[in-house]
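Student: Residues per chain, in single letters:
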Amino acid sequence: MTVASSSNATVTLPTDEQILITREFAAPKDLVYKAFTTPELVKRWWHANRGEMTVAEIDLRVGGKWRYVMVADEGFEVGFHGEYLEVDPNERIVSTEVYEGLPAGVSDEEGGTVNTATFAETGGRTTLTLLVQAANKVSRDAIIDSGMEDGLQDALDLLEDVASSLA
Amino acid sequence: MPRMARAATTADAFNAVAEPRRRQILDALAGGERPVNDLVRLLGVTQPQVSKHLRVLREVGAVDVRDEGRQRLYRLNGEALKPIHDWVKEYERTWSERFELLDVVLDQLKQEEQGDDSGK
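Protein chains in written order, with the working numbering: chain A, 1 to 167; chain B, 1 to 120.
In case anyone wonders, no lab produced these hints; they're calculated from the structure. Using N, Cα and C, we set each Cβ at its ideal position, and we do this for glycine too. One or more hints might be untrue.
[What the hints assert, rightly or not] Computed list of chain A residues with no C-beta within reach of chain B, every gap over 12 Å:
(1) 24
(2) 54
(3) 59
(4) 75
(5) 87
(6) 88
(7) 89
[Said to hold, decoys possible] Calculated cross-link-like contacts (lysine-lysine; reagent style DSSO-like; alpha-carbon spacing at most 27 Å):
(8) B:82 to B:52
(9) B:82 to A:43
(10) B:110 to A:34
(11) A:34 to A:65
(12) A:43 to B:110
(13) A:43 to A:65
For reference, chain A alone in the conformation it holds in the complex:
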């Protein structure tokens, strides 16, 4: 069975436009990559126990499209889709993502994100890093647009204090 890994995902906000999700898995990276990119396997974990995945389409090549749809336990349907910008097997995937429930008037470019998944293996364990980059324009440059000063993280650290003081 699994050596209990740190079961919590770590979420930080490196800049105002980025969300960084990190988690270590007790498996080599080719398996994590496989579980991440094979439709019938994605259907088993992506729903996060919040419903049933009815669609998992993955055309894993540059320019290929993907689409996930989940019917939530409450009955409503949520869909996401996008396009693969970079596919480096077992190493890295860059893709766009658009939530299909964006408010009217918000374009895909405004409301979408560019997501970078990185698979790094050390001693048979894999660290998965997901960088979600919100951008006004969907461009690859936006992903690497770092070097910004302190992000929302500061506010979050502050809020952690505030929240505990509210209790």
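Chain B: place on chain A using the hints.
Tutor: For chain B alone, kept in the frame of chain A given last:
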């Protein structure tokens, strides 16, 4: 890798704290109530600039103000910023549950790779 849709009502607070100067103000007020002059000195910017930021923060309820004599005193209202905190926590929870399910999938893949099909 989906995001959770964020409630429209919290977007204002998000925007309000997205600006570095406004975060500095919030940081300063986290230490206690302060008059504008204090903030002007701490941030090293002009009073009109500080006032402009304070107005935005007041609009989303992130700071409260009261008059005491000739001074206007500002203080942090953590309750208004709580939606941001809650949103990040909920996002983290979703991904944590997702990854716990992924652990199960990976376990099975490892067994299959070792030629151990007993789990099927």
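Student: Indicate, hint by hint, whether the structure satisfies it.
Tutor: Against the structure, the hints:
no. : hint          : in the structure
1   : 24            : violated, 9 Å
2   : 54            : holds, 14 Å
3   : 59            : holds, 16 Å
4   : 75            : holds, 16 Å
5   : 87            : holds, 15 Å
6   : 88            : holds, 16 Å
7   : 89            : holds, 16 Å
8   : B:82 to B:52  : holds, 23 Å
9   : B:82 to A:43  : violated, 33 Å
10  : B:110 to A:34 : holds, 11 Å
11  : A:34 to A:65  : holds, 17 Å
12  : A:43 to B:110 : holds, 18 Å
13  : A:43 to A:65  : holds, 17 Å
The earlier numbered hints that this structure contradicts are 1 and 9.
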